[in-house]
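In the order they appear, the protein sequences are chains A and B.
Mapping to our numbering: the first sequence position 125 is 125, numbers consecutive.
Count along the second sequence from 1, then add 1000; that gives the number in our numbering.
If you are wondering where the hints come from, they were derived from the structure by calculation, not from laboratory data.
Hints may be right or wrong, so weigh each one.
Mimicking EDC-like on lysine to aspartate or glutamate, the simulated pairs with C-alpha atoms at most 16 Å apart in a straight line are [claimed, not checked]:
hint: 1; chain 1: A; residue 1: Lys72; chain 2: B; residue 2: Glu1073
hint: 2; chain 1: B; residue 1: Lys1176; chain 2: B; residue 2: Glu1073
hint: 3; chain 1: A; residue 1: Lys74; chain 2: B; residue 2: Asp1156
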Amino acid sequence: MSRHYFLLVAVLVASIGAGAAQARPYNVIMKDVATVSGALRKSVEASDFAASAEHAQRLERLFRETEDFWTKFKTKDAIDAAVGAKELSASIAAAATAKDAPKMKTATSGLGRFCTTCHDSHREQMPDKSYRIRP
Amino acid sequence: MRVSVPASIFFLLTLFAVPGLSEAQTPAAQKPLAIKPEELANEWFIRLNELDDWFISYDGKEENQKVVDRFLELYADDAFHQVGPSATQIGPVIFHGKNAIRKWADDFSKRYVALNYRIEYKTRKEKPLQPFYVIQFPWGGTGASTQFEAIFTNRDDRRQYVVPGAVFFMFDEAGKIDSVRIYLLRDETTEIA
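The following block holds chain A by itself, in its conformation from the complex (with noise of 0.2 Å):
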């Protein structure tokens, strides 16, 4: 009987740990990853290889929300982009923590095609500026 009032708890603990996670709105995903896009450009430049390391592990985590937020959309161009910026990210983050500069700034310069590729499909900016998601 507590075996499974247990597991009920653990169950719905979980999910609601599952929503709060895809809570966040997407234009707030977006304005972040801006910002922490541009925080990245700056570290890499001044071969800033632990603050790299930080900002790259910080898009790493907000590309998968961008993946989370597509996927229940199942749009394969949209979940691509995401994907593979999401990985380009995670090898910042590496070739920063092993201190090897040249691939950390090869790898930085690669993540804006992903973004392009993904704007170019799905986001279109409105007459007052404000941009929209297109499916």
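Given the coordinates of chain A, work out where chain B should sit on it, guided by the hints.
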């Protein structure tokens, strides 16, 4: 004996007698149509193509209801909407009534992007035209049909296709769609690289 008619009398006869004769011989069904079926059919293409014109909200909601509502405005409450079977169906697929047609429009709207169903051009003597074949039904209401090219992109895998097709409309006297039958020649589907 030859009778000559003065030119002025001939002119007057032409002016009054001929239009009267013409009107008397014109059946009611041949009168100019108040609501042009080709314009109704054209509007259907416009609103069909608008079914991809919606956004996803920042919290992940698919906000396509407005375009689906606009599409449904063209249908009578008791309308029939017939399409070919999907990959998982066999036989005719008929949607009857606005709720059923709403389901079709909602699915269609969420399944495809970059919708471009365009009426096929016919050109003769350097004169291009998108022809609609129209009819006035003797029981009231009108009909229209045309050939088209369905160009669309799958929303999920982003693959783009072109498929030839034809559509047949029956409109009621209020200009609402009473029934529509859409044919797509799936055997002639071409993927656009």
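Hints, verified against the model:
1. A:Lys72 to B:Glu1073: 30 Å, violated
2. B:Lys1176 to B:Glu1073: Holds: Lys1176 of chain B and Glu1073 of chain B sit about 8 Å apart, inside 16 Å.
3. A:Lys74 to B:Asp1156: This hinted pair holds, its Cα atoms lying about 5 Å apart.
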